[in-house]
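My request is simple: use the sequences and hints to build the entire structure.
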Amino acid sequence: MKRTERRPTLPLTWRKAQALMDLADRFGSEVDAFVGRLLGGDFLRFPSDRALRDGLLGKGYTSPHGLPARMWKMALSRAWDVVSSYWASLAKKVMAYVARGQAEGRFSRGQAKYALWLLSDPRRVQALVTGRCPDPPPRIRLTAAEQRQVRNRLRRAIRRERGSLPAFRSRRVVELDPCMYRVFEHEGRQYIAIQTTERGQRLVLPLKGQASISGNIRLVLTGERLAEVHVTREVRLRPAGERGLPGLTEALDFGITEVATDSEGRRWGEGLGKALKEMSAWLREKGEKRGRLRGLVRKYRERGELAKASRIEAENLGRKKWARKRERFRGQLLAIVSQALRAFMRDARPGLLVVEDLSGLRGKFRSPDLSRTVSLWCRHALRERLAQLAWAHGVCLELANPALSSQTCPRCGFVHPRNRRGDTFQCLFCGHGDDADRVGAVNLRARVQDPAIARWTPPGRVREVLTERFLRRLEGWEFDFPPEAATLSVLGGSGFHLTVPGAARETGRTTGGGPRGRHAAAVGGPGEPDRGRQHHPGQSGCETPVDATSPPG
Numbered sequence: 008m009k010r011t012e013r014r015p016t017l018p019l020t021w022r023k024a025q026a027l028m029d030l031a032d033r034f035g036s037e038v039d040a041f042v043g044r045l046l047g048g049d050f051l052r053f054p055s056d057r058a059l060r061d062g063l064l065g066k067g068y069t070s071p072h073g074l075p076a077r078m079w080k081m082a083l084s085r086a087w088d089v090v091s092s093y094w095a096s097l098a099k100k101v102m103a104y105v106a107r108g109q110a111e112g113r114f115s116r117g118q119a120k121y122a123l124w125l126l127s128d129p130r131r132v133q134a135l136v137t138g139r140c141p142d143p144p145p146r147i148r149l150t151a152a153e154q155r156q157v158r159n160r161l162r163r164a165i166r167r168e169r170g171s172l173p174a175f176r177s178r179r180v181v182e183l184d185p186c187m188y189r190v191f192e193h194e195g196r197q198y199i200a201i202q203t204t205e206r207g208q209r210l211v212l213p214l215k216g217q218a219s220i221s222g223n224i225r226l227v228l229t230g231e232r233l234a235e236v237h238v239t240r241e242v243r244l245r246p247a248g249e250r251g252l253p254g255l256t257e258a259l260d261f262g263i264t265e266v267a268t269d270s271e272g273r274r275w276g277e278g279l280g281k282a283l284k285e286m287s288a289w290l291r292e293k294g295e296k297r298g299r300l301r302g303l304v305r306k307y308r309e310r311g312e313l314a315k316a317s318r319i320e321a322e323n324l325g326r327k328k329w330a331r332k333r334e335r336f337r338g339q340l341l342a343i344v345s346q347a348l349r350a351f352m353r354d355a356r357p358g359l360l361v362v363e364d365l366s367g368l369r370g371k372f373r374s375p376d377l378s379r380t381v382s383l384w385c386r387h388a389l390r391e392r393l394a395q396l397a398w399a400h401g402v403c404l405e406l407a408n409p410a411l412s413s414q415t416c417p418r419c420g421f422v423h424p425r426n427r428r429g430d431t432f433q434c435l436f437c438g439h440g441d442d443a444d445r446v447g448a449v450n451l452r453a454r455v456q457d458p459a460i461a462r463w464t465p466p467g468r469v470r471e472v473l474t475e476r477f478l479r480r481l482e483g484w485e486f487d488f489p490p491e492a493a494t495l496s497v498l499g500g501s502g503f504h505l506t507v508p509g510a511a512r513e514t515g516r517t518t519g520g521g522p523r524g525r526h527a528a529a530v531g532g533p534g535e536p537d538r539g540r541q542h543h544p545g546q547s548g549c550e551t552p553v554d555a556t557s558p559p560g
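Add 7 to the 1-based position in the sequence shown for our numbering, that's all there is to it.
In short, the hints are calculated from the structure, not lab data. Predicted, not measured: the structure shown is a model, and the values here were computed from it. Certain hints may be false.
Each computed SDA-like pair below joins lysine to any residue, with the alpha-carbon atoms no more than 20 Å apart [said to hold, decoys possible]:
| # | residue 1 | residue 2 |
| --- | --- | --- |
| 1 | K306 | R318 |
| 2 | K306 | E322 |
| 3 | K9 | V227 |
| 4 | K99 | D364 |
| 5 | K293 | W329 |
| 6 | K332 | L290 |
Taking CB as the label site, the calculated pair distances span [what the hints assert, rightly or not]:
| # | residue 1 | residue 2 | range |
| --- | --- | --- | --- |
| 7 | Q456 | E241 | 30 to 38 Å |
| 8 | E475 | G358 | 30 to 38 Å |
| 9 | K315 | L17 | 33 to 41 Å |
| 10 | R196 | Q395 | 28 to 36 Å |
| 11 | G73 | E241 | 28 to 36 Å |
| 12 | G138 | P253 | 44 to 52 Å |
| 13 | S92 | L233 | 24 to 32 Å |
Glycine included, C-beta positions come from ideal geometry on N, C-alpha and C.
Spelled out as structure tokens, the structure:
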């Protein structure tokens with residue numbers, strides 16, 4: 008596994024900044040031209056970027072943007088990565104569709120194997136989309152009709168997931184190999200001299216700090232006269248005494264008020280909630296003010312007062328300070344996340360770490376503030392940092408299905424939305440109380456070895472599995488407490504209800520199949536449709552049926 012180190016430059020002179028911007032613009036234009044060429048068919052005609060490079064050299068290719076040979080070769084390599092990553096990301100999304108289809112019976116075992124073979128290579132994915140799909144290997148035995156059916160289903164799935172074609176729009180990045188730069192020191196300051204479009208001329212940039220720079224690097228413009236050198240390094244393993252302990256399994260439930268809560272109830276990164284709230288409030292305040300100013304600009308333009316509208320845009324609606332402030336907040340959040348995860352790895356030392364799969368967490372929330380806060384949660388950075396630290400500490404990382412994990416009682420298995428109230432968990436059936444995030448972590452830890460709840464199992468199916476298990480336990484009363492201790496009473500009859508003492512409105516319906524077994528008398532047996540509406544001692548208020556199979560409403 009690799010990680011990226013950033014080396015910022017000192018503020019550059021105007022001449023150097025202009026030269027660097029011109030170089031980045033030429034490099035980006037060259038990459039974008041190669042991306043179009045690859046999508047046009049070269050990605051399929053050549054097995055690798057080196058083969059395409061050799062073909063271009065054989066034809067005497069020269070860069071239309073004035074780049075030297077080494078630099079356009081780097082641009083070609085970057086373009087190949089862009090196109091390959093585009094098809095690979097599409098394939099990853101469609102693989103989830105194939106897994107669900109096999110679980111639901113839409114794909115046979117042979118068809119699923121053929122589909123995964125097509126999706127395992129980005130070049131085969133592009134061939135599938137363009138209608139030039141290669142023949143499957145002999146180990147995949149399907150009829151021509153079955154192969155055609157799989158290809159058509161995959162094409163439809165790709166069309167649903169596919170957006171616009173990839174393009175390299177960035178004009179702020181230059182990639183260099185070791186022969187295109189030189190690092191040296193002068194009077195205690197470290198410098199890097201990079202190749203330019205002029206033969207024999209190098210652009211010298213002063214760097215902050217002292218650190219080794221080697222291998223392929225990326226030069227990124229971060230401001231008007233600022234840049235960063237991105238160096239990729241291998242993640243080093245920690246000493247044996249700092250690695251995870253084999254056999255110790257932990258789980259993390261990610262939150263918003265803190266970075267995560269583990270299955271032992273310990274909270275990590277409790278400063279996250281305050282930082283997110285501060286950032287969300289600032290964005291809301293500034294967004295409202297900028298929105299009012301944009302309204303004034305529109306009004307003045309409609310009146311024909313163009314000079315006044317232009318002054319407001321230039322003086323009050325700039326983006327530089329806004330972007331710098333957002334970047335500072337982002338750095339603060341990432342620092343809190345990194346410190347919390349490092350502390351967890353150092354103190355807990357798990358051999359197996361189970362975390363919730365957050366890839367399906369998308370879209371808007373009912374609260375604009377919550378939507379803004381979660382959108383700023385940097386889920387990608389969180390996953391990336393967690394993967395790096397797990398690798399460095401020798402920890403096996405597993406993703407689990409997060410559906411209903413904080414609404415399911417770890418003691419009795421009863422699942423209901425009203426089990427959780429904010430950060431508090433209180434089971435409506437057995438009365439078990441705990442921190443909601445800890446309950447989520449405990450359920451995630453148990454779920455990683457659950458064959459019935461896989462990572463891609465839909466939430467509706469997860470609810471069905473959990474409800475069926477609870478009803479089986481209820482039928483034979485396989486709980487560690489007597490029926491009299493349950494906080495919900497169960498009605499008999501042709502079906503049964505779970506009733507919540509003190510509830511104000513009806514929220515469910517009768518479910519078929521009454522409880523049986525030696526505890527049937529305690530909860531009401533068949534043939535007693537109106538009996539069993541009984542209060543447990545100390546409970547008051549009306550009893551409202553709660554459906555055990557679906558949420559209220």
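Exercise for the section: Can you let me know if the beta-carbon spacing of G73 and E241 is within 28 to 36 Å? Expected result: Given about 35 Å between the Cβ atoms, the range holds.
Practice task
Could you grab the alpha-carbon distance between K99 and D364 and see if it respects the 20 Å cut-off?
Solution key: holds, 14 Å
Exercise for the section: Below or equal to 20 Å on CA atoms is what counts here, so check K332 against L290. Expected result: Holds, at about 10 Å.
Exercise for the section: May I ask you to test the hint 30 to 38 Å on the CB atoms belonging to Q456 and E241? Expected result: holds, 32 Å
Handout entry: Whether the CB-CB distance between K315 and L17 falls inside 33 to 41 Å
Key = This hint holds: roughly 39 Å between Cβ atoms.
Practice task
Would you mind confirming whether the straight-line C-alpha gap from K306 to R318 stays at or under 20 Å?
Solution key: holds, 14 Å
Problem - Consistency of beta-carbon spacing, G358 to E475, with hint 30 to 38 Å - result: holds, 32 Å
Handout entry: 20 Å limit on alpha-carbon distance, applied to hinted pair K293 and W329
Key = Status holds; Cα separation ~9 Å.
Exercise for the section: Take a look at whether the Cβ-Cβ distance between G138 and P253 falls inside 44 to 52 Å. Expected result: At roughly 50 Å between Cβ atoms, P253 and G138 fall inside 44 to 52 Å, so the hint holds.
Exercise for the section: Kindly confirm whether 28 to 36 Å is satisfied by the beta carbon distance between R196 and Q395. Expected result: Given a distance of about 30 Å, which is inside 28 to 36 Å, the answer is holds.
Practice task
Given the hint of 24 to 32 Å, check if S92 and L233 actually sit that far apart at their C-beta atoms.
Solution key: Since the Cβ atoms of S92 and L233 sit about 27 Å apart, the hinted range of 24 to 32 Å holds.
Practice task
With a cut-off of 20 Å on the C-alpha distance, tell me whether K9 and V227 pass.
Solution key: holds, 19 Å
In summary, this structure violates none of the numbered hints.
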